[in-house]
Amino acid sequence: MPETSYAVLGVFETPDALMKAIPQVRASKLGTVEAYTPYALHGIEEALGLRRSPLGGMVLVMGILGAITAFGFQYWISAIDYPIITGGKSAGSWEAFIPIMFEVTVLFATFTAGLGMLFLLNKLPFFGHPVLSSKAIKGITRDRYVLALEAESEAFDSAAAARALQAAGAIEVEALPAPDRSPFLTSDWVLRTLGGIFTACVVAGLAMYFATKWFPVLAPMKYIQEQPRLNAQKASSFFKDGHGMQQPVPGTVARGYLPTATGTQEEAASLVNPLPRTPEVFALGKKVYKNRCEVCHGAVANGVGSLTAAYGAKPANLQAQQFLDYPDGKIYWAIVNGKNAMPSHAPYLSERERWAVVDYVRALQRAQNAKDEDLKVAR
Amino acid sequence: MKPDAAILPGDIPEALIEPALTVGVVTPGSLDDQVLAFPETKPPKQWYIGLAVTLTALFIGVGCIGYVFVTGIGAWGNTSPVFWAFDIINFVFWVGIGHAGTLISAILFLFRKRWRNAIARFAEAMTIFAVICAVIFPLIHIGRPWLAYWLFPYPNQRALWTNFRSPLLWDVFAVNTYFSVSAMFWYLGLIPDIASMRDRATGKVRKVIYTVLAMGWRGAASHWQHYEKAYLLLAGLATGLVLSVHSVVSFDFATSVVPGWHMTIFPPYFVAGAIFAGFAMVVMVLVVVRETMQLKNLITMRHLDVMNKVILAMSCLMGYSYMMEGFTAWYSMNEYLHRSFMNIITGTYGWAGWVTISCNILIPQILWFKKARASYFWMVLVAVGVTIGMWFERFVIIVVSLHQDYLPSAWRIYKPTMIDFGVLLGTFGVFFTLVLLFARVLPVIATTEVKAILPGAQPSHQGDDHHA
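The listed protein sequences correspond, in order, to chains A and B.
Residues in the first sequence are numbered consecutively from 1, following my numbering.
Residues in the second sequence are numbered consecutively from 1001, following my numbering.
Examples of chain A residues lying across from chain B (beta carbon under 7 angstroms, computed): (1) P38; (2) L48; (3) L55; (4) Q74; (5) Y82; (6) E103; (7) V106; (8) A109; (9) P125; (10) F126; (11) V131; (12) D143.
So these bits of chain B aren't anywhere near chain A, every CB distance computed over 12 angstroms: (13) P1039; (14) T1041; (15) K1045; (16) W1076; (17) I1128; (18) W1150; (19) M1284; (20) Y1322; (21) F1327; (22) F1377; (23) L1381; (24) G1385; (25) R1412; (26) L1434.
If you are wondering where the hints come from, they were derived from the structure by calculation, not from laboratory data.
In this text, all values refer to a predicted model and were calculated from it rather than measured experimentally.
Glycine included, every Cβ here is placed at the ideal spot set by N, Cα and C.
Required output: the full structure, derived from the provided sequences and hints.
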């Protein structure tokens, strides 16, 4: 027998023989007693004095954590980050979260039970354990019941251990040599496997890189994008002007909107803005101006918008004296009917929105031509 | 097996003594030689013939799905108002098939029904394969399957989240959880068996593969202790899943307002139907397996007898559910519900309703006779009938309810196309191909679990009350 042993194995033929031997071998106090069996034997954990498995508690904790996670996640999404009303329920109604809470609880608990058992408690995968390279392992996974006396210190007496096992009825004993340090990492084929995986990753990565570089990427099912239909902001050969989006027919009035004021701009000069000058009206005017007007007339209504260069036309500089002198009604008329290159905005804007924009334009004009008294008011 | 030490053998009435679970002399060693040898030897000719047939079906399915990807889902018969049709029928059908495996491996484990040990492995494998088949359908049904990851709630630049109040999203979670848990359960059960195969393996490649898969399992008592605990916990968790997964699937229907769907009986009714269909499939496959793989001494006629009894019980439950559906329709005095129910038996698809009723309720009644439960002819006839019947039940639920609902102007007759049938055939190909491959490379019987219930496998009792 070798000088230093990891353990001595004693082979038994029946579960009864094994169970009978356990107390005897444990009483010899030569080392740690462990059993290796083809399947779980009832009562062996008491005989070996094993601690109760802590798995149940782990699973309970993780299961509860799963439920809390699922609830928190769903509540945060459905009630806080992205509230949508479904079925007339309030955004925070939690009853509909129960099925997914249940599923996530089971998922967390299952993975804790399975992976916790394998990785945490049993420390698997472990390919370098001495028992795996023993002669007895073929019997262990088949029909033999093996008792192991494992060395606790350098002073382990393998000959005495073998005698103790034989005295307890072992039909065969086998001394296992102490393994090399870290047999897992020095194991040759593991290194080769890792090397193989690494090479495969490099090859696959290079193949992907060049495949996407040299060959065109074809989107599957292109017909979904390429169907004969009009897309917003896209060209179309269907209409004469080549635009996908078309202007409404002149004189169109959207539902709920007032008909467009008729007459000339001069006639409209006498119209009076019916809206009160409140912060709400101002906010509405600002919103509409930002959406509809700013792109051409500019943020401060000086006619320098982001589209000016691209569009060719020259939008009016509303800060010019001519427009400062305009009555509200004439600005209103321009919004409703359009002027020069500017199209009519009547189909898009309600009566209230049109007048709110007029107010906002007035505010912009005032802001660009502020007088000293304005400063005092602001204070 | 040995009776409890506390009770003398004479005290137990004969009828209560469980008959042996295996036929003839089976020892742990002979069990390994019988079951584990199958993947080690060259497969018989029937196996290749079977694989050729299933692969043909699989490739027909792949071709049909490919055609759908190229031309679009207009290749199917789905049309307004029957938008769900075959995809959801087949999805519900396959998910249901899977339930038998989980019931056998989890619920029967908790009930300490030891006959389950011999068939649990196969049934669990069938669960996993059935869920794989089921998952194909929602994926292709969404039309652009490469965007399927949109089903999951993950932070994205579209700044959108999924709707957690939709039963369809519950389905995503339920089916994914079901698959993960079943796979975990199956793999954990396989580890000790794979370790046996590792230690028997002679070829180098085989040895390396089984070594990696067995994770270095060495059968230590300290490992078994955690292992048994994990298995028990998984059984308990999977039990909840047996009842929940098909309930969640039924919510897809029950939470809508379509007459014929909006019923509280749906969850239990779906779960019963799932177990029913699953057991039929397991019986069908087990008959073939025990004959072709010479496993008659392990998968005994008693196993089939018990399985058939479960099928009979489930058939009666289904009959009750159908009657309750009719009763609800009548008692609700709701004309839409009433008409929807009458549509099932007298409408355009009335024949489908009658196929459902005869295959699921009438034919299985033959199993009341002991002789029928012991006859391959009758049990396979019933199993095939139930499989067809349960498929048609989902057809009736989905197509009949959808094709005529509240608005008569929207009514339309639904006709499946050949592509629809091709995809369905393809999933049968996938399922049975996987079954055949599984039988070739892994032990089809949980040898470790069967070893543990052989006579004399457990230590005789020394006063404590530990028993299997």
